[in-house]
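Enquirer: Residue-level listing of the chains:
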Amino acid sequence: MKGIKSRKIRLVVNGHIHELEVGIRPGQIKPSHTLAHTLRETLGLTGTKVSCDNGACGCCTVLMDNKAALSCMTLTVECDGKKITTIEGLKDPKTKDLDPLQQAFIDHTAFQCGFCTPGIIMSAKALLYENPSPTEEDVKEALSGNFCRCISHYQVVKAVMSASEEVR
Amino acid sequence: MANTYRYIGKATPRKDAIDIVTGGSRFLNDIKMPNMLYGKVLRSPHAHALIKRIDKSKAEQLKGVEAILTWEDVPDWRGGTPRSTRILDRKVRYVGDAVALIAATSEEIARQALGLIEVEYEVLPAVFEMEEALKPDAPQLYDEFHGNVVTPGVPFFGPKSLQDVVMGDVEKGFQEADVITEGTFGYENIPNPLPPEAPGAIALWEEPNKVTLWVSNQASYMDKITLFHVMGRKVEVRSIGGPCGGSYGSKFMSWQVQSYATLLSRATGKPVKLIFTKEEHLAAFTMRIASRMTARVGMKRDGTVTAVSGTWLIDTGYYSMTTQSQVAVGCGEVQIAVRCANWDLKPKIVCTNRNASGIVRGFGGQELKCSLIPLLSLAMERLEIDPFQFLKKNFVKPGDGYFWRDGIWYTYRGVDFSKAMEEGAKRFGWEEKWKGWLKPTAVEGTKRRGIGVGVHGNADIGEDASEAYVRLHPDGTAMLFSCVTEHGTGQRTNFVKMVAEVLQLPLDNVSITPSDSLINPYEFGPAGSRGTYAIGGAAIAAAEDAKRKLLELLAPKLQADPSELDTEDGVVFIKSRPEKKIPWKAMSIDRTITGYGRFEPDYTLSNCMMTFVEVEVDTETGKVTLQRVVNATDVGQVIDPPGLEGQLNGCLGSGGIDSALFEETILDRSSGHILNANMIDYKWRTFSELPPIDNVVFETPIPSHRFHAVGVGEIATSPGPAAVLMAVSNAIGVWLHEYPATPERVLKALGKVRPRDRKGGVA
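If you're matching them up, the sequences are chains S and C in order. Residue numbers 3 to 170, in our numbering, belong to the letters of the first sequence in order. Residue numbers 245 to 1007, in our numbering, belong to the letters of the second sequence in order.
The set of hints was computed from the structure by calculation and includes no laboratory data. Some hints here could point you the wrong way.
Output of the computed footprint for chain C on chain S, the stretches with three or more beta carbons under 8 angstroms from beta carbons of chain C [unchecked claim]:
| no. | segment |
| --- | --- |
| 1 | 8 to 22 |
| 2 | 69 to 76 |
| 3 | 110 to 124 |
| 4 | 146 to 159 |
Straight-line alpha carbon distances no greater than 25 angstroms define the calculated PhoX-like cross-link-like pairs of lysine-lysine that follow [as the list claims (entries may be wrong)]:
| no. | chain 1 | residue 1 | chain 2 | residue 2 |
| --- | --- | --- | --- | --- |
| 5 | S | K142 | C | K867 |
| 6 | C | K691 | C | K276 |
| 7 | S | K160 | C | K254 |
| 8 | C | K454 | C | K478 |
| 9 | S | K93 | C | K259 |
| 10 | C | K514 | C | K478 |
| 11 | C | K663 | C | K637 |
| 12 | C | K637 | C | K677 |
| 13 | C | K300 | C | K335 |
| 14 | S | K84 | S | K69 |
| 15 | C | K307 | S | K32 |
| 16 | C | K514 | S | K142 |
| 17 | S | K85 | S | K10 |
| 18 | C | K691 | C | K454 |
| 19 | S | K85 | S | K96 |
| 20 | C | K679 | C | K927 |
| 21 | S | K98 | C | K259 |
| 22 | C | K379 | C | K592 |
| 23 | S | K160 | C | K691 |
| 24 | C | K683 | C | K454 |
| 25 | C | K478 | C | K307 |
| 26 | C | K302 | C | K514 |
| 27 | C | K691 | C | K637 |
| 28 | C | K683 | S | K32 |
For every residue, glycine included, the Cβ atom is placed at its ideal position computed from N, Cα and C.
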């Protein structure tokens, strides 16, 4: 693509800065790439899951500037300058301790097959950023876009409530 | 009774917990390999057609395309029972049938190439309705299945495999009845179990005849077995399972996608990953069977069922791999739930031009019962019999028997589940809420409440064989070799718990091998609810065998008889003098000890689940809201309390209770297209619509293995759907017999909207 100036975008993913070239050559970020694709295929962060690939199930939820975002419905080229947090980035970067929310999911066995769990944890994390002391109804509302087929819902609500209490 | 176990019955974190909550679990689509290609499937837009011509020249010229395969390029590998369905065929039999396979260097290129393949079809008449398919002049799907009736019987179940329920004398039974009711009842909304992770496979072919497959399956060893037969018994298959992102039965049979990946790898010499899109998952991967029963039942005033007679039609879609198995197990399960001396119930499996049905939790029994309980309810209504009392009375009791899937009569030797059922009824408040048939529990303005109850039991908790090894190491650790995958039940951890309990080792000192068929012995997998008793039985036996060998080896060093010894925390000691002890490393650091365990099938035990539901019906809008669920069961001994709770809460999803409320796959019965093959139009329950669920769990020791436990997870979905229809009927005061109870159907039942003719639609 002679004559076309390459453009770079800058993403801060889990605290690491990534400068990514936009273009159509292999290794570049195509304008059609979703954030989920870039995270999984370009950056190797496969903790973010894709299920419906259509914005319906919440499996691909990540945090963008601490707010929940559906990475399968977000184009990477639109994320220039954004701070992205994925499930891999929830651990304390220094101590490597699990986030209290992750620990609460373990303590309450708040998962079965675990495929939808990263998305559920990220949605719950976004809720706790916005509202550190949610009610059960708040939790259910915040997670209403997250599909889980095993029905881990009841244990998830308990886990999120217990994590929010720990935050308090 | 106090729990004296170290781990059994206690909540312990799952072995895979940290991986799950940190994104570290490597699901199938998270695996990447050098030189890996991506596969895609070109699918038929027609429900029934012959392929006249395929031109792949344009697609082949696309840079990055490495293989395009059509029916002319592939060997005659066949799936189905009997083997009748080719991987790629000259004929397509449903909208979505595979026409060509593509491997390319990226998914994008593969997708682009799909659009460049030109196919000319000769469109054939199609059939989407069982009754139509059975007519003499109906379009024929296969030469092998005359009249579209699939050959009955399951060779794997033995020469007498159960094909119907026939016993006693139904005419005599009807003469003894106080009431006879009859009719046609269906459960035909073909819900999709819809695990979040789509089906897929990665294959790596090695010449001349070997393939390694990375699979997502609840029973990965069986992929090796199934594919061996599909591939003409000429290919050596190694299957490697990993975490499975939900299955609910469905991924037990993934032979098509696995064959696609294998053929593409064989054609290119490179690893090929092929993952279905969600649309393919919903429209081209298996869903529930459709069930329709036309039958008569006779009943006495005391709730004794005197006769059941009729036909059970099963729509399997365009092929059957396991439907005969589901019929066999369903026929067994119906005898467990409905005690009756006189039966003449004849199933017939029909193929039609829609996507295939396959395994889903409930496995035939849920589908049959969803049709039978409404018919029994009509008789109960006439005799004013309380359905809770009826189901309790008629569920299998010790000393009763049933013909199981192999056609052999078994006498049930388990526990009486009546106490658990009664406690469930008490917790639910059944007695106070039950006002009689077609009577609401409460009415408030336009809102009417109603209750219902259902039951299910399955003797597959001891089905099929399992094998395991347990290897002891001198450092005081043990490893369980079992080809069981983790599909959400937590059973991989539970088997480790069982081994740790037998060997009295810290949980952290017991590990489990990857579910690789190369290193592990035979394992049928956690199908049905067989994990706890069957797989657990093999793991326990292997641990006991290893322990016996350990004690025999170390006995001379302690100058004692092996029978005087025991072990705990990697130390062997004399039971009467615990201070006389030696560590495992006394076995010598250049030694390991391996125990072997095998579980032999046992059909003399059943599990049980009774589900009570309360619904609220808005008679203005027709909306049905699930208000409350109580599940009651007896599991003998809980292995892992939170894991069990999760399984029981699973009653709502995966084509369970919600398949009576709003879940359905909508098939356009004029074109064969599935109209809701996406997760917006396919309805599922959200977090904001959770009814309270109470799980009543009894622990009456059951004579299974040393922990007296049986599994129950599979059947959580099964009693609920029939209970919901019963509850809705009671709430609105008229019978509703169609699944799901959508607002439209409720309003139709109430006479508020005019019936709409659904051409060839449900019963």
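Enquirer: Compare the structure with each hint and give your call.
Expert: Right, here's what the structure says about each hint:
1. 8 to 22: n = 0 at 8 angstroms, threshold three: violated.
2. 69 to 76: violated (count 0)
3. 110 to 124: holds (count 11)
4. 146 to 159: Holds: 14 residues of the segment 146 to 159 of chain S have a Cβ under 8 angstroms from chain C.
5. K142/S / K867/C: holds, 21 angstroms
6. K691/C / K276/C: violated, 54 angstroms
7. K160/S / K254/C: Measuring from Cα to Cα gives roughly 19 angstroms; hence the hint holds.
8. K454/C / K478/C: Distance of about 9 angstroms is within 25 angstroms: holds.
9. K93/S / K259/C: holds, 19 angstroms
10. K514/C / K478/C: Holds, at about 20 angstroms.
11. K663/C / K637/C: OK: K663/C and K637/C at ~12 angstroms, within 25 angstroms.
12. K637/C / K677/C: holds, 20 angstroms
13. K300/C / K335/C: Status holds; Cα separation ~18 angstroms.
14. K84/S / K69/S: holds, 11 angstroms
15. K307/C / K32/S: holds, 18 angstroms
16. K514/C / K142/S: violated, 46 angstroms
17. K85/S / K10/S: holds, 16 angstroms
18. K691/C / K454/C: violated, 63 angstroms
19. K85/S / K96/S: With Cα atoms ~18 angstroms apart, K85/S and K96/S stay inside 25 angstroms; holds.
20. K679/C / K927/C: Not satisfied, since the Cα-Cα distance of roughly 32 angstroms exceeds 25 angstroms.
21. K98/S / K259/C: holds, 19 angstroms
22. K379/C / K592/C: Judged against 25 angstroms, a Cα distance of about 14 angstroms means the pair holds.
23. K160/S / K691/C: violated, 30 angstroms
24. K683/C / K454/C: Cα-Cα ~64 angstroms, so violated.
25. K478/C / K307/C: violated, 33 angstroms
26. K302/C / K514/C: holds, 22 angstroms
27. K691/C / K637/C: violated, 32 angstroms
28. K683/C / K32/S: violated, 62 angstroms
Checked against the numbered hints above, the structure violates hints 1, 2, 6, 16, 18, 20, 23, 24, 25, 27, 28; every other hint is satisfied.
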